[in-house]
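Letter by letter, the chains look like this.
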Amino acid sequence: MTAIEVPRSPARPARKRGVNWEKWGWIYMRASGVVLLVLIFGHLYVNLLEGEGVKAIDFGFVGGKWADPFWQWWDVLMLWLALIHGANGMRTIVNDYTSPGTLQKVLKGALFASAAVLIVLGTLVVFTFDPCPAGAPADLLPSFCPAV
Amino acid sequence: MTPATLEAQPTDAAIQSFTVTFLIRRFDPDVDTEPRWQDFDVEMYATDRVLDALHKIKWEQDGSLTFRRSCAHGICGSDAMRINGRNRLACKTLIKDLDISKPIYVEAIKGLPLEKDLVVDMEPFFASYREVQPFLIANSQPEPGKERIQSIAKREIFDDTTKCILCAACTSSCPVFWTDGQYFGPAAIVNAHRFIFDSRDDAASVRLDILNDKEGVWRCRTTFNCTDACPRGIEVTKAIAEVKQAIMRGKP
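As given, the protein sequences belong to chains A and B, one line each in that order.
Note that the working numbering has the first sequence beginning at 1, numbered continuously upward.
Note that the working numbering has the second sequence beginning at 1001, numbered continuously upward.
In case anyone wonders, no lab produced these hints; they're calculated from the structure.
All residues carry an ideal CB built from backbone N, CA and C; glycine is no exception.
To give an idea of the chain B side of the interface with chain A (calculated C-beta under 10 angstroms), a few residues:
#1 Pro1175
#2 Val1176
#3 Thr1179
#4 Asp1180
#5 Gln1182
#6 Asn1212
#7 Lys1214
#8 Gly1216
#9 Val1217
#10 Trp1218
#11 Arg1219
#12 Arg1221
#13 Met1248
Derived DEER-like restraints, expressed as beta-carbon distance ranges:
#14 A:Val125 <-> B:Asp1209: 40 to 46 angstroms
#15 B:Pro1175 <-> A:Ala110: 19 to 25 angstroms
#16 A:Tyr28 <-> B:Glu1235: 25 to 31 angstroms
#17 A:Tyr97 <-> B:Ile1100: 32 to 38 angstroms
#18 A:Leu48 <-> B:Glu1235: 39 to 45 angstroms
#19 B:Thr1222 <-> A:Leu140: 49 to 55 angstroms
#20 A:Tyr45 <-> B:Lys1154: 46 to 52 angstroms
#21 A:Tyr97 <-> B:Asp1028: 29 to 35 angstroms
#22 A:Gly86 <-> B:Thr1019: 48 to 54 angstroms
All chains, please: the whole structure from these sequences, using the hints.
Encoded structure:
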């Protein structure tokens, strides 16, 4: 009995070695989605329901939260996961609704740039936020700052 | 219902016919530059199918109407078309299941090149089907004179995806396939699933590699259009999800 040869070699070349971004992108969406559920609902609960509720939110409330490294990391994690999750989701929509070409490249470039700028700015703000900057005129400072 | 009341029913007066309006998307490449809608009025019984209406139109009203059909009993998969905006087999869609107070829209399936009227070029569809190597690849030799043995439980795993008739109703209902013809499409993945999860087949990893491609299973957005469209009731989206899981595990 002779073995029958494989009828044809695949029409498209085998995927080249290396990281499969499409696969990891898909896994990222699932994983970050689950983590974001906890982060966002935790964020909403602490800001809107706990204690005095929504009335408590003011400049001092945000300043107080970002004085605590726990909330700094919470918010930075939320920022990174949500922006990458959103930008990747928009990328799949661009893939679905435009055909490959210049327009698609421009749209994806714009998505990448806006996500990158927001992530960098947001991270910078969360970690360098100082409600009472030294040398600022006293009438611009919130009331809880120690008098210089 | 008792036999007595059954007998009391009038046998002939009960069969009532209706005039049903069909709006059919016509395209003749020799004459038309753009497809156009044409309406036909057809006398139909509630138990007739959309395919019967197409036959009546072709045989009695306009012989130039072009469509594919072969067995006319939902097995050959030739007459998939978009009926009232949903992909259906014309031979399995009964008039009584449609709202005949409004015209019934019939057009060719989307995402494949339109050739004439309800006929599309199926070649891109079959090309991606061929790419997943939809045939048994076994390295082992069965015992002389015996078949390869498979338990009922192991057959059950891929039973659903053996039902595919390659009608293209699922692939041509997929929004990702509409915009990007490079995507393998649900039907090719279903037929890969049928061999990936077959315990007698030894080339699962080859097929998983093919479907791990940029245009492979990761483009699926789980919109469930394919599951809705399948005339055989295959849970297509579930099969695609199982292939995704298998790729992440690295084995079926």
